[in-house]
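Colleague: Sequences listed follow chains Z and C, in order.
Whatever position you read off the first sequence (first residue = 1), add 337 for the working numbering.
Whatever position you read off the second sequence (first residue = 1), add 60 for the working numbering.
There may be inaccurate statements among the hints.
Facing chain Z, according to a computed beta carbon distance under 8 Å, are these residues of chain C, among others [to be verified]: (1) 165; (2) 166; (3) 196; (4) 198; (5) 200; (6) 201; (7) 202; (8) 207; (9) 373.
By construction, these hints were calculated from the structure, which means they are not laboratory data.
Using N, Cα and C, we set each Cβ at its ideal position, and we do this for glycine too.
The lines below spell out each chain.
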Amino acid sequence: MNFRVVRSLSIATVLLISSTGIGQEVVSVEQKQKSRIETIRRISPSVVCVMPPGGGGGGSGVLISADGYAISNYHVTSGSGNFMKCGLNDGRVYDAVIVGIDPTGDVALIKLLGREDFPFCTPGNSDLVKAGDEVLALGNPFLLASDFTPTVTYGIVSGVNRYQYPANSFLEYTDCIQIDASINPGNSGGPLFDINGRWIGINGRASFEKRGRINSGAAYAISVRQIQLFIDQLKSGRIVDHGRTDFTVTTSSDGLIEVQEVSQISDAWRRGLRPGDELISFGDRSLKSANDLKNILGIYPAGTRVPMTYRNREGVRKVYVRLSPLHGFEAAPPIPQEAEPKRPEDPDGQPNPEDPHAEEEAVVPPEYAHLFVEKKGFANFYYNQQMQDRILVPLQQMLSAGSTGGTSTWVLQLKHPVAKIETPGELLVGATAAGLLGDNWPISHQQIDKLDASNEPLEFWGLLTGTMQLHRLFLNDLSLFSSVHYHGTDTLQPSGETVRVIVIQDDARVVRWYFDDRSPLPIGVDTLIGVGNDESRLRFRDWDTSGEIPWPQEIGVVNSDTEEVTWLEVLNFELRKTARAAMSGAAGSEVKS
Amino acid sequence: MSSLKFFVSAVVLLTCSHVFADTTQTDVVIVDRQSSIVKLFGAGVGNLDSYGTGVLISDKGHVATVWNHLVNTGFLTAVVADGRRFSVQVVGTSLEHDLAILKIDSEDDDVFSFVDIQAPGSVFPGQSVYAFSNVFHVATGNEPVSVVHGIVACESTLDAGLGRWQFPVKSPVYILDAITNNSGAAGGLLTSVNGEPLGLLGREIRHRGSNMWVNYAVPWKTLRPVVAAILAGERVAASKEPVKDSPPVSDRRLTSTFGITLMPEVLDNTPAYIDRVIPGSPAKASGFRRGDLVLMVNDAVIQSVESLQKELGGIRSGQRVTITVNREGSIVVLPIRVP
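Next comes chain Z alone, as it looks inside the complex (with noise of 0.2 Å):
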C-alpha cells in the first residue's frame, strides 16, 4: 500500500511538471493559430490571380514591388499573349504586360498597370528553409476565388536542394523546395511563404501520377534565392538564359566529384581545371554529389562568374569561372501541352460559360500598347530599351560637351605600380589602335583589324584593347555597334560590386560595360577578344570631369588567374590631334626594335 502511494506521488511530480509546460503549449497553439491567421490577411493582397486576356485557364503569380512587378511561372505567362489580366484580393482586375521571361528556371516577370501602390510580399532567405518547416501557399488552384481572394494550403518542406529533370521540356527545376502543402492546376506561379510570411518560393511544379493532375502531396517551389539572382535580368525584358559549365563531372566510387572532360576554350580550361582532378565547391557550395553541381549551377544566369574550388597534384585552387549560354533560345520557346495549368473546361477549350472571370475584351489595352516591343533575343524590348536610356543617355549628355575628344588620340601617362621604375609609361589610345611606351615597360601594340592577344604586354594584359573599346564608346555613337543592350545587374568580380551591365557587340568583339548608380560613367568593362581567350578586364575610378573628356584617375587591370586587380595610376592625360601618324610610328618602330 504505502509502496502504491510512493508511486503514485512520483507520477504526480511529473505530471505537475509537465502540465507547466503543456499549459504554456496550448496556449502557444492558439497564438499559433491566431498569428497565421493574421500572417495571411498580411500576406494575401501580394498574391495575383493571372489569366490570359480572354478568360479561360490561369495561374498565380506574386507582386514583388510596389511598382506592380509580379513573378509568375513562365508555364503560365507563355499561354496567355504580350498582355494579360492580374485579379488581386481587393476584387479588382489590373493589367499587366511581359516584362522577362526565364524560360528554364519557369520564371517569367509581369508588371502589373494602373497604379504605383501595390502591395508587395517581402522575401525570406530561401537558403535557410529545412525539411519539416511549416509552410503556406497561396494561389487561385481550380480558378475557384471570383473574387480572387487567394486560396491558402498549408503544409510543410519535404525536402530542399531538390533536382527535378526537365520532363519532355527545357523546364528545370533545380535547387527546389519540395513540399506537402497542397498544389493543383492554378497554383502555378504563385508564391510559397514560411509560416511568419516570408516569400520563400514560387510554386510551379508537382509529381503528378495515378490520381490525374491534381495535388499528389510532393509539389516543388522554385527558390526565391534563384529567382533573385534573375530579377535584375528578368527586368531587363529579355529572354534569360541559364549557364553551363564547359566541363563534365562524375560521382566517382569514393564519393568525390571527378572531373570527367573541359573544354580547351572554356575558362575552367584556362584556370588549370582537368580531367581527373577533383572538383570541391562551386558557387561557394560544397559538392556532395554530381547533382548537387547541377542543383546549384541552375540557379545562375548565363554570363555569370561563379567561384569554384578544385584539388589537383599541386594542391587546391579557388578560380572563377563565366557560365556560357545553356539555351541560347532568340524567342520564347513554346511550353510542352501538358505542362500548361489549366481548370477542367470545356472539351472544345472555349472559355467557361460559368468562369466569372471571362472577359470580352481587346487583347491589347490601348493606352498600354506602347510599353510591348518585339524583339529578337527579347521578351519584351521595351523594358530594354527603358533602361539602356537610363544608363547611356546620361553618358551621352556628359560625352557630347566634349564631342571632339572621342576622334582624337588619348595620351595616358602612367605611373608603374612597381616603385623603382620611375619612368612613366605612355599610353596611346585611338579608336583603331593602341600602344604602350616607356622605359622598362613592357613596350606593345594592338591594332583593332588584328587583334591578337599575344600583342597584350604581359604585365598588365588586356590594357591596350580594354582602353581602345574605351575610347570607341567615347566615340559617342552607338550606330557603329552590331548590337547594344542592356543585360541587368551583375556581380562585378573581383570587387563584389552589384554593377548594371551594358553589352556591347563591337565586331567579333563581345563588350560588357559596368555602371554604378552613383557616376554615369562606367567604372569597368569586360572585352572577350575572341574565342579561346581570357577577357580584357578594367576597371576604372577617380573620373577627371574638368577636362574636354573625362579621364579615369587609375585604371585597374584585373588578372584572370589570380583574380588580382593592378592599379595604374595615370599621371597626364592628354589629346593629341594630329597624333594618330605619330602614335603608329612610333609604337610600331619600338614593337620591332
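Here the structure of chain Z is known, so what remains is to put chain C in place on it, guided by the hints.
Modeller: Below, chain C without anything else, positioned relative to chain Z:
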C-alpha cells in the same frame, strides 16, 4: 482511486505534449529519422516501380519493408542516408503481415543508425504524424528522403487491395490523411512528431468499398513480434513462399507462349482485342481468332489489356482456364491450358 485518476490524466497530458513539439526539436527529429531510412532499388515490373523504401531496424543493417514486387525481383540495392550503396539479401517474409525483413550486405565494422521498434510509440486519431519515404525517387544518393505531415485519421481494419491482390493484415492499421499512397513510398516510416516509430507505410492499394487510394501504415506493435520471429529464424525466406502478387504477363510472353498479340496499349484501359494469333500456337489450337475481344478469364471480368495481363500473370503454368471472348457480337468460350 485518486492515484488511478492521476495516472490516466498523466497519460493524456503526456500524449498531448507530443502533438505540439517545438520547432527546434522538429528539425532534430526529422534529420534523425531520415538517417534511418534506406532507398531501395530493384527491378520494376510492368507498371510497377523499380524503387521503394525501407526502415533500418538494427545497427547491423536489418531493414523492414513491405513485401512487394521489389523484394520478389531478387536483386536489391539499398542506399543508406550518407549515400553508401549496398546489396541486400532477404532474411525472411510474412505474407500475413505484408512484411519483408532484409539485411544489408555490410562489413563487420559497418554500423547503421536505426529505428528502435522494440519501443514503438502509440498514437490516437487526430494526432500529428510524419511519414518518411523515398517517394517518387525525388531524393538520390545522400539526399535526405522526403517527409510529409498529417494526422492519424483512425485506427481500423482495412479491406483493400489492388486487382486480385488482397491486403492481408487482419489487425487494425493506421489510416492517414497525409498522401503516402505514392510510388516508392511503401516501406517508409511513420512516426509521431517526436520521432517515435509508429508504423511501416503501406503500399499503393485501393479501399474495396470506395475504390479510393488509401493511405495507411501497419503499426510496429503489430509487426514487432513478426520481426522478432523472422530474425529468430522462424520464418523462411521469400523465395520459398508462394508469390501471390505475381507480375503481369508481358506482351512478349503472350506472343511467345500463348501465341497471342494484343492491340497495342496506347491508352489506359485499352480493350483487350486480339490483333494476331500465331499459327501453330496454343491460342490457335484453342480456337482464338484475330478481332476477338477478351471479356473474361474464368470468372474475372477483363476490362483492359492491362487487366488481362495481370489476370493471366496470376495463373500457374499448366493450369486450365476458360477465356470468354466477344466475336462479332456473339459470346464464345474458349478453354486453354496456360503454357
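Colleague: All the hints need checking, so say for each whether the structure fits it.
Modeller: Hint check results:
Annotation: residue 165(C) was flagged as interfacial toward chain Z, and the flag is violated, the nearest CB pair being 16 Å apart, outside 8 Å. Annotation: interface hint on residue 166(C) violated; nearest CB of chain Z at approximately 17 Å, more than 8 Å. Taken as an interface hint, residue 196(C) checks out: its beta carbon lies about 4 Å from the nearest beta carbon of chain Z, inside 8 Å. With its C-beta approaching chain Z no nearer than about 6 Å, residue 198(C) sits inside the 8 Å limit, and its interface hint holds.
Residue-level restraint check for residue 200(C) holds (minimum Cβ-Cβ distance to chain Z is 6 Å; threshold 8 Å). Given the 8 Å rule on beta carbons, the hint for residue 201(C) holds: about 5 Å separates it from the nearest Cβ of chain Z. Taking 8 Å as the C-beta contact cut-off toward chain Z, the hint placing residue 202(C) at the interface holds, the least distance being around 6 Å. With a least beta-carbon distance of about 5 Å to chain Z, the hint placing residue 207(C) at the interface is held under the 8 Å criterion.
Of the supplied interface hints, the one on residue 373(C) is violated, with its beta-carbon coming no nearer than about 19 Å to a beta-carbon of chain Z, more than 8 Å.
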